[in-house]
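> Each chain, letter by letter, is given below.
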Amino acid sequence: MDDTPLIKTAALTKSYPGVLALDHVDFDLKAGEVHVLFGENGAGKSTLISMLAGANRPTGGQILLNGQEVHLANVADAQRRGIYTVFQEFSLIPTLTVAENIFLGWEPMIGPFVNHAAMRKRAAEMFAELDFPIDPNAITANLSRAQKQMVEITKAFHGDLSVLILDEPTASLTDREVDHLFGFIETLKARGVGIIYISHRMQEFARIADRVTVLRDGGKIGTVAMADTDQDALVEMMTGRAITEIYPTIERRTGETLLRAENVSAPGVYGANLEIKAGEVLGIAGLVGCGKSRLARALMGLGAKTSGRVTLKEQDITRTSTQSIIRSGMYYLSPDRKAEGLDLAKTADDNLAVNLVMGGGTTTGAGFVDWGKVRRRTAEIANHVELHDGYRRKLVSQLSGGNQQKVLFGRCFGQEADIIILDEPTVGVDMGTRAALYLLIKELAEAGKAVVVISSDLPEVLHLSHRMIVLAHGHITAELEGDDLTEEQTLKYFFEENTGATA
Amino acid sequence: MTADQSQSRALEPIKRLFVKVGVLPFFLLGALIVFTLLSPKFLTGQNLVNVARQSVYLVLVSLGQMLVLISGGFDLSVGTAIALTSVVSALSMVWLSGVFPDAIWLAIALGAFIGFGAALIVGLINGIGVAYFEVSPFIMTLGVSSVGAGLALFLTGGVPVSGIPFAFADTFGFGRVWGIPVPVVIAALCIVVMWVFMSRTRLGTQIYAVGGNIKAAHLSAINTKRTLMLTYAICALIASLTGLLLTARVESGEANLGGTIALESIAACVIAGVSLRGGIGRVENVVLGGFFIVLVQNGMNLAQVSSYMQMVLLGVLLILAVIFDQMRYRMMMGGR
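Protein chains in written order, with this note's numbering: chain A, 1 to 503; chain B, 1001 to 1336.
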């Protein structure tokens, strides 16, 4: 293979009115390498790849493909040239079968008709080749997130793939699935495909990365060979602070038991017993799909409970509606900020205002909303979650993932709550923002609130929790505390089935 | 390149205005220019006052329609609510004025009340269907509109209900307060109430929140089902008020009142920047939107455009407005 980079950018720049999203970035990708893009949210990673993917056009600089300057008109154009991007948001049609999705737009035909048999056969062959255990006839909506990701990657394999861009591919994958994905990346490398890989999970870099480019505030900080660097150095490049500063020490001030769940069963959750206590952080760990989220949603009345009893401050809330549960002091932060967390077409301020208006204390004597008061409180909350001034009157859809997450966090300060359930609170969020969010968790817990952290990110739950519940296949397999809170201890219970609980 | 850039810079304020308030200012300006050129009578004080008076009915219905649109649905049965109100209240008033010949205002009040009741039932059925049974608003309100229209025709046998109390038509159809027509006064009151409702009450905020993201609203302790149901109920009540005013105007109860108003009110709202995706819309703009539609109809009448062609143009206008709404939404979300 010659030395011309597959893809190269020269002084690539993207500016929006008032914002320089990408500032003269030089980047290159060689054939057969994995090049990681690393940086906080809003650092310009997404902007860079959106231009390489053809989804966005630069305002300055050049993109060179095999040494030739190219102007990518759109995503289809980029794909024709062999650049394929797997975005965080999938481009799969949920109602079609897997095979139909893979061949969408280039269906094998017999005359004017689609050859479904050939399509299924080819899809099955592709899956066999990639060793993905997916049925080509399955309806896409029924797949797990990991499987959807695999389908999305499989889609890249038509035409001649030369550059594969993966945007946070492991954000929702289990460890086994990650191993699988990495094995697959190795295969691609061997074929000479260049891979641009975006991730916040640094532990992955050592396994697959050849080089890492760090971006900060739209500018390039540097490109380093992975062999010459380590995690701490990368974090410092990204944030200017050391990794030990990320997880705070949370003082444990366990108070009374606020919530008690007895033998709660719900679809995908079997006979869960747990207690949530004031002044401590309860972690809920487990693999993706183990029922962590379903358990919390069942407690919140968001999903049906098939049996069991839940009491909140001695009140039975087993059959209570979600809004009454929220009013009695339990707040649930959704893991999916776009689908059910935020109103994307409104400003950050307006999103925060909803909870304030609903939370009460912001109406005048005549029963009208006191917007002056609401605005003062939204400003306080925005300060509290360190949402930058300039973002508060911007539409949430225009904010980076980390800032959206700050707004979402801010929402739980709008309503008085004693129990705060944070479901995947830092999904797709960079280290700097994470550190800020962890401080908020610390503050809540130390102020005597009960905080529940549900997370698929094991180091995160381990570091934050005082007490931790492990789920596997919908059963609670362990409750760990103190010295037992270690990665080895926890992992033992991740795969265990039917332990302790009666099905 | 430079010519291109300076051009785009010149377009920047226009773009910003478009993103902020939508397509209405541009349409309004276009309509004023075109009709002023077509008819010398168009841009006269007399004519504009006339338009203002005629637009009362559409403005009122559009306010209700706006609520439902903001909540993320739409209501095709507003015309039916009007027709049903007209027929039911007229029949009741005729009958009641026979029962209480000496208390004509009591008969009018009770008749109006029964009319509101009929429309409220329409609104509640819509609301319950959409909120609790999760029927799509399109099918729900389309179905209800057929049911209601059928009932109104059945009740009257297709013949207008005549003989409603003279005082009713005299006051609410043709009366004036301090020289201002009563319907205009009522509409003005409604606009103020609606503005306060949407911007100053919790329920108003809830409607915006439900339309913006219903799941997020649910997780913010909002009773989304109740909120949705109330928007349909309020929409039907406002349509019902319009039905009463129209009944007074035509001095009879008619089952064919409000035949085209569903389409017109949706057009007025969308042109005024109410998003079909829900969550976005402002009272003051909707008032202007309703005014705009009537202005265009008035201009077309003056320019002697046939009523059939007017239907064509109204449909085109609605589709254009929706196209511009899509563009605007993309610009908003893209941050450009």
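It is worth saying that the hints were derived from the structure and are not from the lab.
Backbone N, C-alpha and C define an ideal beta-carbon position, used for all residues, glycine too.
Treat each hint with caution, since some may be false.
Calculated lysine-lysine pairs in the DSSO-like style (CA-CA distance at most 27 Å, straight line) [stated by the list, open to error]:
#, chain 1, residue 1, chain 2, residue 2
1, A, 373, B, 1041
2, A, 30, A, 277
3, A, 313, A, 338
4, A, 148, B, 1215
5, B, 1041, A, 338
Per the computed footprint, the stretches of chain A lying under chain B, defined by three or more beta-carbons under 8 Å from a beta-carbon of chain B, are [stated by the list, open to error]:
#, segment
6, 337-346
7, 361-370
8, 390-398
9, 445-452
> Each hint: holds or not?
Here's how the hints hold up against the structure:
1. A:373 / B:1041: Violated, at roughly 50 Å.
2. A:30 / A:277: 53 Å, violated
3. A:313 / A:338: 32 Å, violated
4. A:148 / B:1215: Between residue 148 of chain A and residue 1215 of chain B the Cα gap is close to 23 Å, so the pair holds against 27 Å.
5. B:1041 / A:338: With Cα atoms ~52 Å apart, residue 1041 of chain B and residue 338 of chain A exceed 27 Å; violated.
6. 337-346: holds (count 8)
7. 361-370: holds (count 4)
8. 390-398: holds (count 4)
9. 445-452: It is violated: at least three residues are needed, and the segment 445-452 of chain A offers just 0 whose Cβ sits closer than 8 Å to chain B.
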